[in-house]
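Assemble chains B and C onto chain A, guided by the hints.
Chains as they are written, first to last, in our numbering: chain A, 276 to 573; chain B, 276 to 573; chain C, 276 to 573.
Hint data in this document are derived by calculation from the structure and do not stem from the laboratory. Errors might be hidden in some of the hints.
Said to hold, decoys possible - Examples of chain B residues toward chain A, derived with CB under 8 Å: (1) His299; (2) Ser301; (3) Ala305; (4) Val306; (5) Val307; (6) Gln318; (7) Phe370.
Stated by the list, open to error - Interface residues of chain C toward chain B, partial, derived using beta-carbon atoms under 10 Å: (8) Val309; (9) Met541; (10) Leu571.
Positions of the beta carbon are idealized from the N, C-alpha and C atoms, including for glycine.
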Amino acid sequence: MAEGHGASPMSKPKILIQLDTDPHPSTFDAVVAVDAGAERLLQYGGVTPDNVEGLVHGAMFTRGPGDLHQTAIFVGGSNVEAGERLLARVKKCFFGPMRVSVLLDANGANTTAAAAVLAAAKHLHLKEATATVLAGTGPVGQRAARLLAGKGAKVRVASRTQAKAEAVCAAIRARQPSAEVTAAQIASPDETAAALAGASLVISAGAAGVELLPESVRTQAKELRVAIDLNAVPPVGIGGVQPQDKAVERDGVVCYGALGVGGTKMKIHRAAIERLFQKNDLVLDAEEVLALGEELAR
Amino acid sequence: MAEGHGASPMSKPKILIQLDTDPHPSTFDAVVAVDAGAERLLQYGGVTPDNVEGLVHGAMFTRGPGDLHQTAIFVGGSNVEAGERLLARVKKCFFGPMRVSVLLDANGANTTAAAAVLAAAKHLHLKEATATVLAGTGPVGQRAARLLAGKGAKVRVASRTQAKAEAVCAAIRARQPSAEVTAAQIASPDETAAALAGASLVISAGAAGVELLPESVRTQAKELRVAIDLNAVPPVGIGGVQPQDKAVERDGVVCYGALGVGGTKMKIHRAAIERLFQKNDLVLDAEEVLALGEELAR
Amino acid sequence: MAEGHGASPMSKPKILIQLDTDPHPSTFDAVVAVDAGAERLLQYGGVTPDNVEGLVHGAMFTRGPGDLHQTAIFVGGSNVEAGERLLARVKKCFFGPMRVSVLLDANGANTTAAAAVLAAAKHLHLKEATATVLAGTGPVGQRAARLLAGKGAKVRVASRTQAKAEAVCAAIRARQPSAEVTAAQIASPDETAAALAGASLVISAGAAGVELLPESVRTQAKELRVAIDLNAVPPVGIGGVQPQDKAVERDGVVCYGALGVGGTKMKIHRAAIERLFQKNDLVLDAEEVLALGEELAR
Numbered sequence: 276m277a278e279g280h281g282a283s284p285m286s287k288p289k290i291l292i293q294l295d296t297d298p299h300p301s302t303f304d305a306v307v308a309v310d311a312g313a314e315r316l317l318q319y320g321g322v323t324p325d326n327v328e329g330l331v332h333g334a335m336f337t338r339g340p341g342d343l344h345q346t347a348i349f350v351g352g353s354n355v356e357a358g359e360r361l362l363a364r365v366k367k368c369f370f371g372p373m374r375v376s377v378l379l380d381a382n383g384a385n386t387t388a389a390a391a392v393l394a395a396a397k398h399l400h401l402k403e404a405t406a407t408v409l410a411g412t413g414p415v416g417q418r419a420a421r422l423l424a425g426k427g428a429k430v431r432v433a434s435r436t437q438a439k440a441e442a443v444c445a446a447i448r449a450r451q452p453s454a455e456v457t458a459a460q461i462a463s464p465d466e467t468a469a470a471l472a473g474a475s476l477v478i479s480a481g482a483a484g485v486e487l488l489p490e491s492v493r494t495q496a497k498e499l500r501v502a503i504d505l506n507a508v509p510p511v512g513i514g515g516v517q518p519q520d521k522a523v524e525r526d527g528v529v530c531y532g533a534l535g536v537g538g539t540k541m542k543i544h545r546a547a548i549e550r551l552f553q554k555n556d557l558v559l560d561a562e563e564v565l566a567l568g569e570e571l572a573r
Numbered sequence: 276m277a278e279g280h281g282a283s284p285m286s287k288p289k290i291l292i293q294l295d296t297d298p299h300p301s302t303f304d305a306v307v308a309v310d311a312g313a314e315r316l317l318q319y320g321g322v323t324p325d326n327v328e329g330l331v332h333g334a335m336f337t338r339g340p341g342d343l344h345q346t347a348i349f350v351g352g353s354n355v356e357a358g359e360r361l362l363a364r365v366k367k368c369f370f371g372p373m374r375v376s377v378l379l380d381a382n383g384a385n386t387t388a389a390a391a392v393l394a395a396a397k398h399l400h401l402k403e404a405t406a407t408v409l410a411g412t413g414p415v416g417q418r419a420a421r422l423l424a425g426k427g428a429k430v431r432v433a434s435r436t437q438a439k440a441e442a443v444c445a446a447i448r449a450r451q452p453s454a455e456v457t458a459a460q461i462a463s464p465d466e467t468a469a470a471l472a473g474a475s476l477v478i479s480a481g482a483a484g485v486e487l488l489p490e491s492v493r494t495q496a497k498e499l500r501v502a503i504d505l506n507a508v509p510p511v512g513i514g515g516v517q518p519q520d521k522a523v524e525r526d527g528v529v530c531y532g533a534l535g536v537g538g539t540k541m542k543i544h545r546a547a548i549e550r551l552f553q554k555n556d557l558v559l560d561a562e563e564v565l566a567l568g569e570e571l572a573r
Numbered sequence: 276m277a278e279g280h281g282a283s284p285m286s287k288p289k290i291l292i293q294l295d296t297d298p299h300p301s302t303f304d305a306v307v308a309v310d311a312g313a314e315r316l317l318q319y320g321g322v323t324p325d326n327v328e329g330l331v332h333g334a335m336f337t338r339g340p341g342d343l344h345q346t347a348i349f350v351g352g353s354n355v356e357a358g359e360r361l362l363a364r365v366k367k368c369f370f371g372p373m374r375v376s377v378l379l380d381a382n383g384a385n386t387t388a389a390a391a392v393l394a395a396a397k398h399l400h401l402k403e404a405t406a407t408v409l410a411g412t413g414p415v416g417q418r419a420a421r422l423l424a425g426k427g428a429k430v431r432v433a434s435r436t437q438a439k440a441e442a443v444c445a446a447i448r449a450r451q452p453s454a455e456v457t458a459a460q461i462a463s464p465d466e467t468a469a470a471l472a473g474a475s476l477v478i479s480a481g482a483a484g485v486e487l488l489p490e491s492v493r494t495q496a497k498e499l500r501v502a503i504d505l506n507a508v509p510p511v512g513i514g515g516v517q518p519q520d521k522a523v524e525r526d527g528v529v530c531y532g533a534l535g536v537g538g539t540k541m542k543i544h545r546a547a548i549e550r551l552f553q554k555n556d557l558v559l560d561a562e563e564v565l566a567l568g569e570e571l572a573r
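Excised from the complex, chain A in its bound form (with noise of 0.2 Å):
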């Protein structure tokens, strides 16, 4: 049942509502939230898209018009698709004016991509660039990708299969008709050079410890001028990357590690929280945290 009433007196304590899809809820978001202000946590683990809706009600029902942006939902976990589905059906219980904030982070793959995007705009033109994002179909180079597209770069999504390169393009052209993506396998360290070929950044989304570019072959990239690797697992994806890399120039290029993103992945996952409780409506999902990114970097 809902309270009509309207902004109390004194202002509430701002709760965060952490949904996760995996059976014990993330103590990484769980701390990360803590330091970003949320007075109160409550957390949930084994949320889906079938048993979300009273706990999203519970947020819409309890506080009055004028304190609902002190409530909002964070949406995490392992399984970033799982979390895309639970954004979703999230979204659908709000209607009108009943709703509140909500940041999707699965896996840190929102602010892990906005950070390596934002660490590229440090040295390049993104609208000139050609960007080749290895492992483009994992969760974080998908949206790596459909960032770096929509900042006007020439996108070349990398897979070892080609089939599902080109079905992350179409799901990015999808989304942003003038994007220009291209679709590129990299079965073979030849078909990797290629892929690189003419390329100004690579941006390496693969699974902790495989390398996807070999030192030899990211030496021969010769327009390539900045390189970040999203793994901190050795072996990292890149050869010759180390993790704590942060703008280290090697053989002529500036180079990142999956440390050396880490920095300004916190401060925009931090903020991202932070600016939950601004508004009541909020849905940061990756341009969003993105965007904040950039804001944070001004």
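Relative to chain A, chains B and C alone:
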């Protein structure tokens, strides 16, 4: 192992232990608890009479007698009968002064029934009233009937099934031997009309989206002065009543819809949480929650 | 992805991550944590060595080195051996300076054993004492025996099963080669009497409601000076000792019951939680918890 010490010099934070019979503890109850001043909330889902003992013992045996009122238990969940069984088991864990206060408000049944009775009491002398409770065998309806009977009203417990209505009447009489309660079957509009004959109050406590009292039947109930509908989802329970109605006169009848009662329900809910922390030996069930609402209304 | 930044200007809230091997994390441990100053409590039930890694990584990788001591882990649950296995796995997640402090107190075993040994040390020089630990193969008994041996006492580990007692002795000797521990079978009152012959201290650490030392046998133990019973549920473990006894003389023996030891146990438990937040590299198991209790007793 219990602690023998007395009150500590510094006041300890108010801890509310939310015991919910559903797998995910209610966010609704959690937000209300926070807004009512619970400084720490320990949330538990999937709580049953079989697994609750340790949770209650942990509440009883951790703080000294002088601080025990700073720990309290909330029993909730969507299934009111499961909540009642859980409350009974929680109370069995207590002994002597070793206890903490506990509030039952599974599915909001106690606070909703109390708010409905309070709304009626603004316009009627309940002692002289004849009240018909539609869906009087449901969790909220049973409580409304019991509370009205306790206030001296003549109560008709109306249900599609006569036997169920009679069982509820018997249960009320077992608690309150002087209660004037009768069962009424309402399997047809004619029966519903008969159940309302001479009634000055009708409370509809049925399931969401089910009309129990058609407008045409309502307007024929000539003695009716107050109509309260607790169903917010169209079609509402009483034809013609709007969910937002709060003492709105329609066809000479003062009408309340679910949202119109909701503000009072929320105030009572919050006040009940606050009350828990004043003493360590309170058990707040329907009657206690109504008494609290009456205090607030003064 | 780890964050590289140092200490933030503002102190971050103290976060305790409660990892419990039971389905529902203990309310007892939660309330004590709150009262000990944990500003935020993240509760997790059903934690096993197989699912704990991500939870520990989230604790390690969210705050900078200067703030890591503001995050800590508590390992609890009713099964002490499960807690020990969980602690071992938690410690394996740490590397170099990337770690947080952790306290093991599954079933209160460490704080209870430490409190019992501290009670004994008030009345005896443990170095010169001969101590019999009844149920010395149980989780609390093993820890009491190990702690007493560490203090130089001659320890008899008494159990209904000789082989189990010998296994515990072997385990203690493996840790402390100079430990003077012997196994004693107590399958009959005569064996119990023999196990107590010449002992100045007896600690009974058996299950609730089981008498291990009948009063008639106790009063025959002529050298006995201190008797400590850790079972609060009648019949208690040592005949004639009352749960509330705290240094009460009975038949010339200084007696402690479970509640008499409980106040000290609680103080140690709280102090151990507080201690966690002073550094980020503490592992508080039995010996460290006892050392902390000794500091408090000074």
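Structure-based check of each hint:
1. The interface hint given for histidine 299(B) is met, as the beta carbon of that residue sits about 6 Å from the closest beta carbon of chain A, less than 8 Å.
2. Evaluation of the serine 301(B) hint against chain A yields a held restraint, the C-beta minimum of about 6 Å falling below 8 Å.
3. For the restraint placing alanine 305(B) at the interface with chain A, the shortest Cβ-Cβ distance is roughly 5 Å, inside the 8 Å limit, so the hint holds.
4. Nearest Cβ of chain A to the Cβ of valine 306(B): about 4 Å, under the 8 Å cut. The hint holds.
5. Checking valine 307(B) against chain A: minimum C-beta separation of about 6 Å stays under 8 Å; hint holds.
6. For glutamine 318(B), the shortest C-beta to C-beta distance to chain A is roughly 7 Å, which falls under 8 Å, so the interface hint holds.
7. Checking phenylalanine 370(B) against chain A: minimum C-beta separation of about 32 Å lies over 8 Å; hint violated.
8. Hint on valine 309(C) holds. Least Cβ distance to chain B is approximately 5 Å, under the 10 Å limit.
9. Hint status for methionine 541(C): holds, given a least beta-carbon distance of 4 Å to chain B, under 10 Å.
10. The criterion of a C-beta within 10 Å of any C-beta in chain B is not met by leucine 571(C), whose closest approach is roughly 14 Å, and the hint is violated.
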